[in-house]
Amino acid sequence: MKFSEFISAHGVPMRKAAGDHVFNQGDSDQSLYIVQSGLLKAYYLSSDGKENIKSFIVAGDNIGSLVAAYAKQQCSFSLVCLQDTQLIKVDFQAVYDAGRDNLEIASTVVDFLLAFAMKKERREFELLCLSAEDRYRLLLKNMPDIAERVTQNEIALYLGITPVGLSRIKKRIQAEPKSIVG
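Residue numbering for the sequence shown follows numbering that gives the first Met the number 0, beginning at 0 and increasing consecutively.
For the record, the hints were derived by calculation from the structure and aren't laboratory data. Some hints here could point you the wrong way.
As the list claims (entries may be wrong) - Capping the alpha-carbon separation at 27 Å, the derived lysine-lysine pairs in DSS-like fashion look like this:
no., residue 1, residue 2
1, 118, 15
2, 40, 169
3, 53, 140
4, 119, 140
5, 40, 53
6, 15, 119
7, 140, 40
8, 140, 170
9, 1, 53
10, 40, 88
11, 140, 71
12, 88, 119
13, 119, 169
14, 1, 118
15, 53, 118
16, 49, 1
17, 53, 177
18, 49, 15
19, 15, 71
20, 177, 140
Whole structure, please, built from the sequences with the hints as guidance.
Encoded structure:
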């Protein structure tokens with residue numbers, strides 16, 4: 000069985016409005032979500048209520064709390080829709096079990112997990128090794144329309160800086176001479 004056939008048979012289509020949570024930090028959500036359309040934000044809340052944005056999730060991405068889905072613990076982060084969103088919800092255990100019996104499904108799960116691990120590795124590198132300005136430039140390169148889709152405060156939280164710091168970075172970038180290609 001192909002993974003797409005498995006999803007058609009076992010996935011549950013969902014529509015969420017902007018502002019709706021798919022799950023919250025502390026929930027028990029043992030599902031994986033395939034984003035069909037829309038924009039979501041995955042974020043952590045510290046014990047003092049400070050928000051830290053983990054990632055922005057767009058159409059074509061997959062997401063779920065693996066800590067909750069596999070280890071049966073509480074979700075370590077929250078997932079909220081920033082725009083009206085269409086998702087396909089699939090039970091993690093059903094995917095896991097199907098992968099034990101079906102090489103094609105197992106291969107797709109491995110690909111999903113590798114993509115997830117590489118995304119986390121890149122994010123860690125960015126936070127640990129790049130300046131805030133370099134992180135901002137990379138965000139714009141990888142998601143050129145993000146500034147039109149999220150607030151400046153959300154971009155600052157994603158970069159790990161204050162909105163004032165982001166404003167200064169944007170002013171520096173805007174003041175740079177534009178290169179003429181010709």
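Holds or violated: residue 49 to residue 15, with C-alpha atoms at most 27 Å apart
It holds: about 25 Å lies between the C-alpha atoms, which stays within 27 Å.
Does residue 40 sit within 27 Å of residue 140, going by the straight-line distance between their CA atoms?
holds (18 Å)
Proposed proximity, residue 169 with residue 119 (alpha carbon, max 27 Å):
Status holds; Cα separation ~26 Å.
Is it true that the CA of residue 40 sits at most 27 Å from the CA of residue 88?
Holds: residue 40 and residue 88 sit about 17 Å apart, inside 27 Å.
Mind checking the alpha carbons of residue 53 and residue 118 for me, to see if they're no more than 27 Å apart?
holds (11 Å)
Does residue 40 pair with residue 169 here, judged by a C-alpha cut-off of 27 Å?
Distance ~22 Å between residue 40 and residue 169 Cα, so the pair holds.
Do the alpha carbons of residue 15 and residue 119 lie within 27 Å of each other, as the hint requires?
Given that 27 Å is the threshold and the Cα spacing comes to 25 Å, the pair holds.
Can the restraint linking residue 49 and residue 1 be considered satisfied, given a maximum Cα separation of 27 Å?
Distance ~42 Å between residue 49 and residue 1 Cα, so the pair is violated.
With the threshold set at 27 Å, check whether the alpha-carbon distance from residue 1 to residue 53 stays at or below it.
Cα-Cα ~31 Å, so violated.
Hinted pair, alpha-carbon criterion (27 Å max): residue 140, residue 71. Please report holds or violated.
At roughly 36 Å apart (the allowed maximum being 27 Å), residue 71 and residue 140 break the hint.
With a cut-off of 27 Å on the C-alpha distance, tell me whether residue 119 and residue 140 pass.
holds (18 Å)
Holds or violated: residue 140 and residue 170, Cα atoms, limit 27 Å.
Distance ~17 Å between residue 140 and residue 170 Cα, so the pair holds.
Violated hints, in rising order: 9, 11, 16 and 17; the structure is consistent with all others.
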